[in-house]
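Generate the whole structure from the sequences, applying the supplied hints.
Now for the letters of each chain:
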Amino acid sequence: MEVVDLVPPELKNNVVVTSVDALFKWARSNSIWPLSSGLACCAIEMMSTAAARFDLARFGYEVFRPCPRQSDLLIVAGTLTWKMAPPLIRLYEEMPEPKYVIAMGSCAIAGGPFADSYSVVPGIDEVLPVDVYIPGCPPRPEALIDGMLKLREKIQHPERVEKTKEQVANG
Amino acid sequence: MHNGILLTAAGWIRDILTFLFGNELLVNILMTLVGIGAIISVILTSAIVFTYAERKVCAFMQVRIGPNRVGGRFGLLQPVADMLKLMSKEDIIPNGCDRVVWSLSPMLLFVPSALIYSFFPFDDGAILADVNVGLFLLLAISSQAVLPFLMGGYASNSKYAMIGGMRTVAQMLSYEAPMAFSLIGVVMLTGSMKMSAIVEAQATHTWFVLLQPIAFVIYLITATAETNRTPFDLVEDESEIVAGPFTEYSGMRWALFFLAEYANLLSISILTTTLFLGGWHGPVLPGAVWFWLKVLVMIFVFMWFRWTFPRTRIDQMLSFSWKVLLPLALVNMLLTGVGIYLYQSLC
Chain Z
14 MEVVDLVPPE
24 LKNNVVVTSV
34 DALFKWARSN
44 SIWPLSSGLA
54 CCAIEMMSTA
64 AARFDLARFG
74 YEVFRPCPRQ
84 SDLLIVAGTL
94 TWKMAPPLIR
104 LYEEMPEPKY
114 VIAMGSCAIA
124 GGPFADSYSV
134 VPGIDEVLPV
144 DVYIPGCPPR
154 PEALIDGMLK
164 LREKIQHPER
174 VEKTKEQVAN
184 G
Chain E
26 MHNGILLTAA
36 GWIRDILTFL
46 FGNELLVNIL
56 MTLVGIGAII
66 SVILTSAIVF
76 TYAERKVCAF
86 MQVRIGPNRV
96 GGRFGLLQPV
106 ADMLKLMSKE
116 DIIPNGCDRV
126 VWSLSPMLLF
136 VPSALIYSFF
146 PFDDGAILAD
156 VNVGLFLLLA
166 ISSQAVLPFL
176 MGGYASNSKY
186 AMIGGMRTVA
196 QMLSYEAPMA
206 FSLIGVVMLT
216 GSMKMSAIVE
226 AQATHTWFVL
236 LQPIAFVIYL
246 ITATAETNRT
256 PFDLVEDESE
266 IVAGPFTEYS
276 GMRWALFFLA
286 EYANLLSISI
296 LTTTLFLGGW
306 HGPVLPGAVW
316 FWLKVLVMIF
326 VFMWFRWTFP
336 RTRIDQMLSF
346 SWKVLLPLAL
356 VNMLLTGVGI
366 YLYQSLC
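Those protein sequences? They're chains Z and E, same order as listed. All the letters of the first sequence, read from the start, carry residue numbers 14 to 184 under the working numbering. All the letters of the second sequence, read from the start, carry residue numbers 26 to 372 under the working numbering.
Some hints could be false.
[As the list claims (entries may be wrong)] Distance condition first, Cα-Cα at most 30 Å in a straight line; then the derived DSSO-like pairs of lysine-lysine:
1) Z:LYS176 - Z:LYS112
2) Z:LYS112 - Z:LYS178
3) Z:LYS96 - Z:LYS112
4) Z:LYS167 - E:LYS81
5) Z:LYS167 - Z:LYS38
6) E:LYS81 - Z:LYS38
7) Z:LYS163 - Z:LYS38
8) Z:LYS38 - Z:LYS176
9) E:LYS81 - Z:LYS112
10) Z:LYS112 - Z:LYS38
11) E:LYS81 - Z:LYS163
12) Z:LYS96 - E:LYS184
13) Z:LYS178 - Z:LYS167
14) Z:LYS112 - E:LYS184
15) Z:LYS176 - Z:LYS163
16) Z:LYS112 - Z:LYS163
17) Z:LYS38 - Z:LYS178
18) Z:LYS178 - Z:LYS163
Source of the hints: derived by calculation from the structure; they are not laboratory data.
What follows is the structure, encoded as structure tokens:
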């Protein structure tokens, strides 16, 4: 939801909100606070990303909040089982808008090696709206940083994502 | 003695206002408002600067670089981005909470932390309310900060917030006692609770950190506990109670808690400077510069504590306060009394 969308269509010619929009896009994209939640081994890589060697703090994303009410990003790091799905969905629902989801690792994308299991969710996009997929088993910290920078690009330029979607749809 | 730069600046503003309005009463009221505005702007600026400083200090303690992308190579616009983002977040009011108490809590927390700034001598004569019970009043007002935590925790309708609020009350009450008793040593040496008199006494004798080392250490520990910083940050102990009393607050409401936290950090550093490090006194440089130098050093010390020590457990923390710090503060009072008696009878 952008500020532009709040303006009624009959006032579109009289109201200028583009600068406010740009400012808030800049702020949101540069201050993504992830929820400190980890499901499996990908979480180890997530912790490593915030630590000394890779230093997620350079981009300002290192503020891992313990509480969903104060975080903007849910990094689903690891295998999501059907038993764990309701708590995770609840965490997502407790986060205030605007909120984003990153699917980190093969398990979160498509179930990974457990894709055929009766107990594993085959890809978290069955239960949550995913913004960025990061492949790998587990993805290296560089890959997570790259994924978060992709998310930054998506927040700053939502039209690019639409363009890519159209291109994919048209083959 | 010549005036400090802050008082000189205040004199200029007063001259301009007198020239514009002429009425003395009106000018006095306006000057009070100017003082309040200056203090509020100091608090708000410090919150922005300290979030950035905290992240950088934390990064250097952990052999990292810290924010360096947003706004130039030093990441100077990072706190601005955080602030704007928090402003644009959704405002969630949880179901079943006590709305009035819940939304009053962050605002009420900011009141005592801003109010005690009127008792701090920033420079020679630059003090908003130089009352003769200054230190007593300051402690009384700052201990009011307990109530908003309990209000926020109780009204949130969440078990973690409730436990967090209870813990805050236990922690702040039990650390209030040793803090007050350790400061009695300073008051005994000065013979006054007036803040300007305490600073004057340190100029004529020596810094109280040398005369009252035990009180200084006790004060440092209790001040860390009062501001809820690690190793005593059991209030928002994320591995046990999510985020304590702040669990249900999102966006700007939570930012107000954050603001009050950094206002408390600044006020506790100013208090250390005023009571133990000689206030604004120092050679060569003007008083205000010395004052802020000492305050910034103290803030660095508190950040150093935060990123060096692990968190304590709640029972360890409470028994440490009642069984170690409080008796030690009483012994310090006794020693100070004996010392003053000997000094007076020998000299």
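So, going through the hints one by one against the coordinates:
no.	hint	in the structure
1	Z:LYS176 - Z:LYS112	holds, 22 Å
2	Z:LYS112 - Z:LYS178	holds, 20 Å
3	Z:LYS96 - Z:LYS112	holds, 23 Å
4	Z:LYS167 - E:LYS81	holds, 27 Å
5	Z:LYS167 - Z:LYS38	holds, 10 Å
6	E:LYS81 - Z:LYS38	holds, 24 Å
7	Z:LYS163 - Z:LYS38	holds, 14 Å
8	Z:LYS38 - Z:LYS176	holds, 18 Å
9	E:LYS81 - Z:LYS112	holds, 26 Å
10	Z:LYS112 - Z:LYS38	holds, 13 Å
11	E:LYS81 - Z:LYS163	holds, 25 Å
12	Z:LYS96 - E:LYS184	holds, 23 Å
13	Z:LYS178 - Z:LYS167	holds, 12 Å
14	Z:LYS112 - E:LYS184	holds, 25 Å
15	Z:LYS176 - Z:LYS163	holds, 15 Å
16	Z:LYS112 - Z:LYS163	holds, 15 Å
17	Z:LYS38 - Z:LYS178	holds, 21 Å
18	Z:LYS178 - Z:LYS163	holds, 15 Å
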